[in-house]
Amino acid sequence: MSALGTSPERSDADAKLRGQAVYGADLSKTGMLWAALARSPVAAGHLRAIDPVPALRIDGVLEVVTAADVPDWRTGVIVSDTPMLAADYVAYEGEPVAIVVAESRAAAEAGARSVAVDIEPVEPVSTPEQALAPGARLVHPEWNRFAVAGGADIGRNGNVVAEVVHDPGDLDEAFAAADFVVEGTYRTLRQYQAHLEPKMALATYESGRYTIEVSHQYPFRLRDRVAQILGVAPSAVRVVGHHIGGGFGAKLDVSLEAFAALLAQRYRRPVRMQHTALEERLAAPCRANAITAVRSAVRRDGTILATDVEIVSDSGAYANNGPALSSIPMFVFGSIYRVDTARIWTRNVYTNTAPTGAYRGVNGPWLVFANERHMDAIADALGRDRREFRLASLARDGDLMRNGQPLEQVSILREAFDRVDDLSGWQDAGAGELRGVGQAAAIWLTNPMPGHATVKLNEDGTATVITSATENGSGAVATGLRQIAAEALGLATDQVTVTMPDTDATGYDAGSQGSRTTHVVGRAIADASAEVRSQVLDQASQMLEAAAEDLVITDGVVSVAGVPTASVTLGQVAQSVTWTEGPIAAGASYVTPTPPHDPLCATGMLIKGWPTPTYHLHQAEVSVDAVTGHVTVDRYIVCQEVGRAIHPDAITGQIQGGVAQGLGFALSERVDLDHGRYVQRTFKQHGLPLAADVPRVEAIVMEHADPAGPFGAKGAAEPPVVPVAAAVANAVADAIGAPIDSLPIRPEDVLDALERTQ
Amino acid sequence: MRFCRVRSVAEAVDELSRWGTEGRILAGGTDVMPQYLRGEQSPAVLIDISGIDGLGGISDVGGVTSIGALVTMRRLATASLIALRHPALSQAAAAVGAWQTQTVATLGGNICTAAATADTLPALLIADAQLTLVSKSGRRRIGLEDFLAGSGATALRPTELLRAVELEPLGERSSEGYLKVARRSAMDLAVVGLALRLDVAPSGVIDGVRIAMCGGDQSAHRVSAAESALLGTRLSDDPGAFGEVGAVLADAVGSAALPEAQYRRRVLPGLFDRLARRCAGEIAGAGA
Ligand SMILES: Cc1cc2nc3c(=O)[nH]c(=O)nc-3n(C[C@H](O)[C@H](O)[C@H](O)COP(=O)(O)OP(=O)(O)OC[C@H]3O[C@@H](n4cnc5c(N)ncnc54)[C@H](O)[C@@H]3O)c2cc1C
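So the sequences go chain by chain: A and B. The numbering of the first sequence is numbering that gives the first Met the number 0, which starts it at 0 and goes up by one. The numbering of the second sequence is numbering that gives the first Met the number 0, which starts it at 0 and goes up by one.
Each hint should be verified, as a subset may be incorrect.
Residues of chain B placed beyond 12 Å of chain A at every Cβ, according to the derived structure [claimed, not checked]:
| id | residue |
| --- | --- |
| 1 | C3 |
| 2 | E10 |
| 3 | Y35 |
| 4 | A97 |
| 5 | A154 |
| 6 | L155 |
| 7 | R172 |
| 8 | A185 |
| 9 | V191 |
| 10 | L229 |
| 11 | D250 |
| 12 | A251 |
| 13 | G269 |
Stretch by stretch, here's where chain B covers chain A in the computed footprint (C-beta under 8 Å, at least three residues) [unchecked claim]:
| id | stretch |
| --- | --- |
| 14 | 620-628 |
| 15 | 683-697 |
No lab work stands behind these hints: they were computed from the structure. Glycine included, every Cβ here is placed at the ideal spot set by N, Cα and C.
Excised from the complex, chain A in its bound form (with noise of 0.2 Å):
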C-alpha cells in the first residue's frame, strides 16, 4: 500500500502525549552551572558601570561576567551590529549587558536581578516614524562601520538598516493617465510567537570543542552563529538538537547558546541557561511592525495602471534577518492582481526596541493586508463587486512578477475562487446586518535552502534516514519526511526512523522554515532512496536469479513480478549484502534552483526570487456585535494548494492552527511599544486567541503536483497564517460599511468605525 496520502502516526506521537518527549527545556548533566543574563532596563542609555557586588552576595554566585571578559566584536546574520554584550550604550530594553554564573539556577536568576547597572538614559528613538525624522538621534552613530556579509549593498545609510527599491520610473505617467487614484496607509504592531517552551541551551567544551544541546529549528545556523561570536572555526562547534516545543521562526538564530558555550570553556564545566517568561518576550524576534502606504491609478474600466507602494518597517535595534525580507513585498504587490507598473519602496528601519525578525509567513500577513484592503478599496470606488473584481484583475499564466519571474501556475487561483465558492457561495456569504464576508490571496513561496540526507538500509531491512532537518511540530519529519523513505524503499512508514539533528554526523540543513523541509528534504530523500532502491535491487537479483527490472518491493519484500513465491525480505537482503558487498546506504543534496528573474529589478534585493510558489485563497465570515464591538468569526475557508498531499492530516493541521495564529494578529493579539518599551508583559495581558474564538477552519487541499517536489509535494505548513488577518480585515469592514485599515481590530476600533458611519 503507498504511504502517501495517508495520515499515519507521527513517530513522536505517543512520547509527547505521554510526557515522555525530551526536549530542551528538559535536559539537565551532572556537575552542571546555569547562568543567566542581566538586561538592559531601558530602551536606549550610556553604560556608564556595572557593580557585580549584589550579585556577588548571593549564595551560589560564581561570578558576573561583562563586556569585558567576552569577545568585543560586533556579529549577525546580515549586518553584523549586534555585540555580545553591550559594552558602551545599549540599544534596546532586554539588551544583555552583563552574565551571571551560579551554581543554581534560583541563584542565577537572583544574580541577573541584582546585578547594578548604571546606565543614563536617553530619549529612546521609538518609531520608525521618528527614526527617520530629519535629525532623528542615530540608534548606531557607528552604523557605518559595520560589516555586511558578503559585502552586499543594501542600501544602509543611517537609522535605515536595509532599503529596497523597485522604481521603472514610468509611474507618473501611468498616475496623469488615471480616472481616479484609491489610496490607504495600512498600519500593523508586532506579533509574538508565543512558543510553549522557552529558548534554552546546554553547553559542554571538551578537547578545543564545544558541544551544544537545543531545542533549535536551524542548528547549522546556530553552529555558524556561535563560531561567528565566539570567533572560531565552524567545525569547532557541534549542535545537536532536541524536542522542540514551539519556535514558529523564533528559534532560527543564536540566543542563549554564545553565552553558554564561552562559560563551559571558562569552568569546563555543563552550563545550562534558560529565559523566564519575560526574557522571552522581550528578547523574542517578533514579526515587525510595520506602515505600508499604497496608492494606486485606477482607470475607468478596472485597469491598475500602477501601483506606488511606500512601506516602512521596524528592525528594532539590530538588523537581524530585516534586511532579506525587506525583498518579500516585492513577491506581494503587483503579482496576483494584474498593474500595469508598480513602484516598491522598503525601508527597514532601526529604532530602540527589540530586534524584530521571522515569525511564521514572514512580512507576509501584513503585506497581505496591505494589498488586499486596497483591492477592496478599489472595487468599492468602483463599485464592483469584489470577488468579481480580483477575478478579473487575476494575473495570468506567464504574468510577470515585479522581479520578473513567471507566474507559472497562478490559474490554480482561479480554480480556488470557484472551490471556495462552491463551499460557500459568495452571494449569500457574509448576509445580514452586521454581518460581512472577505477574501484574501497569496502566493507563497517553498524555502529553496540546501538539505541533505542520508538513507541507510539496516541489517534488519528497515531504514534509517539520517539527517539534521529539524522536527518544528508540523510533522514534517515525524511524518512527511518517514512516508516519502518509506514510498521510495517500498517500506511501511513504521519501518523508517529519522535521526535527531546533529551538525557532526549529517550534511547541512537550512533548517525547519518557509515550509521547506518537505519539499527540499523530503526530495534529498527520494534521490538517495532511489539509489539504495537500486543497489537492493542488484543484490536481490543475484539472491532470485532473476533480472533487476523485473523485481518488485511492496511492504519489505522483493519479489520477482508476477511470481509471488520467488522473493526475498529487505531483512533477507540486507544482511547478505553486508557481508558481501558491505552495507547499503546513499546519500543525496537538495537546493531548489533560483527561478528566472530580472537582476537588475531592484537595488538591495537579497531574496531574488519566490521559487515553488503555492496558491492560497481565504475567505473570512463575521458578524459583529454593535454594543460591545465584538467580532466573532462565524466560518473561515481556506483552499490552498500543496502540490502533492503526503500527510493530508498534518496539512489541515497546519491549517487550522496558521489561521489561529492568524485570528490573533487580526483581531485580538497586542504587542504595544511605549517609548521603546513593551506595554504587554504577560499572557494575561497578550490575548492569545483560545479554542472558543477559533472557528472549525475549512480546508480545500488541492494538488498540483511539482515536478522537482517528492512525489510531487511542495511547501504547506507555513502558509496558512499569511492571507488571514487581510480576510478578516476585509470581513469586518464588510459588515460595518466602514474601512479597517490597522490591526488588530480591538472592539474600540470598531465601535470607533460604527460610529463614524453613523
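Put chain B with the ligand on the given structure of chain A with help from the hints.
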C-alpha cells in the same frame, strides 16, 4: 509551606483558629495557586477544605435557595434549580474562565477572593445574598453588600469559614440575567459584568429593580442610582427609558482615563439595553 486536609467544618475552624493569619483556605485553588506561584501570597499553612462533606449542596430552605461554599461553577451553570430560580447566577458561572476552570472553581472562592471582576458577585447581589460565616466561636450572618469592602477586601476574619450562601429566588412576574463583556470568548476577566433583576406588577409597572455590576477597580456593587431611574416606570413605556438608565450606569463607572475604563463606559448603555429588553421580553412572554 504546610498543607493540611480537613474533613469537617469543625476541623476546618479548629485549624483556622490555630493558624490565624498564617493559615489560608484552599477550595478549588484557582485563585490561591496562581497567587502563590506569582509570589503574591505565601501562607504558612494551606487548609484544604475540598474534602468536607456537606458544603457542596444546593437546596431549598423554606423558599430560600441555599448554596454550599464548595459548589462549583460547573454545578451552578448546569443545576436546574439554579437555572429556574437564579438564571443570572447560572449565566455568570458559565462565564467564569473556561470549562477547566469551572470544574474546580467554587462559589465560596469567588466570593472570598472578591475580585473586582468576580462574575458571580453581581448575580448574587441582585438575589440579596446572605452569607453564613462560621468560626470556633460560633456563626454569623452577613449580607453580601456588607461583606464586600472594596477591591479584594472583605469582612471575612482570618478564623472564619464561609459555609453557605442564601439567595432570594426570582418571583412570579420577574426576570433576571447576567451579561459579561470580555475581550476573548473565554478565559478572560470581565471588562464589565452586568446583572439585572426586574419585578413587574400585573399593571405593567416595574415595581422592583436590582442592578449590580463588576469590572473595573471597585468591587462588585449595586447601582442604586440606576435602579431608581427605572423603578416605577412601565414595561410598555418607550424603551428609551432603558437608554437613560444605561447613561446613569456609565456615569457610575467614573471617567478613568485608562483604555479599559473608557471601553467599559462605552459598552454599558448598549449592554444594559440588551439585558433589559431580554428580561422585559421574558416577563411579557410569560404573562401572555
Ligand atoms: C484561568 C482562570 C480563569 C479565571 N477566570 C475567571 C473569570 O472569568 N471570572 C471570575 O470571576 N473568576 C475567574 N477566575 C478566578 C477564580 O477561578 C474564581 O475566583 C474562583 O471562583 C475561585 O474559587 P476557588 O475554589 O478556586 O478558590 P480558591 O483559590 O481555593 O480560594 C480563593 C480564595 O477564597 C478563600 N476561600 C475559598 N473558599 C473559602 C471558604 N469556604 N471560606 C473562606 N474562605 C474561602 C481562599 O482562602 C482564597 O483566599 C479565574 C481563574 C483562573 C485560574
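Those earlier numbered hints the structure runs against, lowest number first: Per hint list: 4, 8, 9, 13 violated.
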